[in-house]
Amino acid sequence: MPASDSSFNTDLFNNLRLELRRGVLIVAVLAQLRTEHYGYSLRTDLAALGLEMDEGTLYPLLRRLETQGLLESEWREENNRQKRFYKLSRSGRQILKLLLAELEKINASIARII
Amino acid sequence: MNTPLLERYLTAIKFWLPKAQRDDIAAELGANLHEELDDRAAAAGRPLTDEEIAGILKEHGSPALVASRYQHENPRVTFGRQIIGPLLFPFYWIALKATLALLLIPAIVPALVWNANFNPNREIAHVFYRVAELALPALFVVTIIFALIDLALRRFHLLERWTSDWDPRALPTPSGQKRLVRRSSSIAGIIVQSIFIIWWMGHSSLPIFVFNKSGAHLQFASLWASLHLPVLLIAFVCLAQHWMNLVKPQWRWLPPLTGIITSLAGIIILYPFINSPPLITITDSHGVALYGRQASTIHAALSSAVLGLWFGLMIFAIIYAWRLAWIAWEAFPHQSNDLHRNDTAGI
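If you're matching them up, the sequences are chains W and G in order. Just so you know, our numbering puts 79 at position 79 of the first sequence, and the rest follows in order with no gaps. Just so you know, our numbering puts 323 at position 323 of the second sequence, and the rest follows in order with no gaps.
Each hint should be verified, as a subset may be incorrect.
[What the hints assert, rightly or not] Partner residues are not named here, just some residues of chain W that face chain G (Cβ under 7 Å, in silico): (1) GLY56; (2) LYS83; (3) ARG84.
Simulated from the structure, these hints should not be mistaken for lab results. Beta carbons are placed, not taken as given, at the ideal position from N, Cα and C, and that holds for glycine.
Take the sequences, apply the hints, and build the full model.
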């Protein structure tokens with residue numbers, strides 16, 4: 001049954017793609033937050049750099065990373081509007097350094113494998 | 001820039017969020033959405049229409065779905081793997097507390113308050129016994145029910161399916177959302193009705209009281225047996241109403257409408273009991289009537305109680321009808337004001 005096979009493959013691919021992106025997105029968010037951003041500006045900046053991220057994933061992720069101590073935030077007014085600005089915390093910087101090293105190792109290994 | 005549609009959306013999201021984080025999350029989300037709407041309006045070179053704003057909010061997700069994404073800060077129940085996720089945990093916690101209160105308070109308080117020969121050791125042992133006897137099975141049953149709901153939600157993507165065809169323009173106004181059917185009231189209703197249904201289903205036969213010394217039987221008339229199925233159906237209707245109000249809290253008309261239907265059903269069901277043959281009989285072991293005077297006294301008391309209940313249901317039906325009419329009357333002026341505000345709103 002080609003139709004169901006194709007739908008199965010699409011579902012499977014989407015699931016695997018999500019798994020693959022999940023960890024990398026966190027690294028991208030942490031790296032981008034070396035400079036201060038609020039949620040929407042971070043999303044548009046990531047999209048401009050080629051990494052589209054759904055707001056339903058990004059905004060809750062920011063709060064989770066802050067709860068984990070990797071980010072710190074403050075409410076501030078900009079253009080007559082209160083916004084919550086996030087930036088990398090001290091422990092976030094240490095973790096990012098380790099994650100980037102790990103990512104580099106994985107990329108090198110994958111390059112050798114394929 | 002302010003848009004009533006966005007305010008409605010944020011208020012609807014707040015309804016689904018835990019109290020402690022509600023305002024903070026909504027404020028942050030609101031700031032981000034305002035920025036996005038401003039950006040889109042700037043790109044279009046004109047203010048966005050209500051239809052375009054509704055499209056952007058729809059892309060963002062239904063209020064329940066958006067709120068569910070923020071529930072990672074909530075605790076969850078895990079046993080090797082996740083049993084009850086963070087989305088359902090606040091509901092589970094309320095349900096658990098309400099169930100335990102419903103079961104334990106009536107079981108424990110009388111023992112502690114009205115016992116003339118109060119013996120601390122015996123009473124403490126009694127409390128522990130009651131906790132073990134009632135609370136542990138209740139904890140187990142409530143946990144299993146929520147674990148099954150959680151499993152169904154995740155396995156069949158029910159939340160996504162239920163909220164796929166929503167329309168931001170159909171959301172009630174912030175002032176209208178303040179008058180939503182309370183989540184805690186729906187959950188409490190679900191628990192009470194579920195416990196009642198389980199109890200009622202387990203008592204399909206009428207009780208017979210036997211007096212030890214004389215061997216006399218106090219028996220309810222067979223007419224009482226006809227109550228069993230209708231009362232069960234009424235309880236299921238009430239249970240369905242609480243579930244529907246949990247999912248659709250803006251349906252304020254549903255509780256009074258259900259109240260009218262169930263009260264009228266009660267009036268019809270109880271009608272045969274008024275001027276009925278004896279509602280109880282007291283007989284010996286061979287079925288010969290005994291204690292005629294006492295039996296007629298109990299019958300008279302029961303008849304009065306049934307008549308009182310019958311008139312009570314009539315009063316309830318009138319009160320519910322009044323509430324329903326009030327909600328219907330309220331809907332018209334609010335709706336027209338909101339439409340006017342939407343028409344004049346710009347980005």
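Against the structure, the hints:
Nearest Cβ of chain G to the Cβ of GLY56(W): about 5 Å, under the 7 Å cut. The hint holds. A least Cβ separation of about 5 Å between LYS83(W) and chain G falls short of the 7 Å threshold, and the interface hint therefore holds. Look at ARG84(W): its Cβ gets to within about 5 Å of chain G, closer than 7 Å, so that hint holds up.
Violated hints: none; the structure is consistent with every hint.
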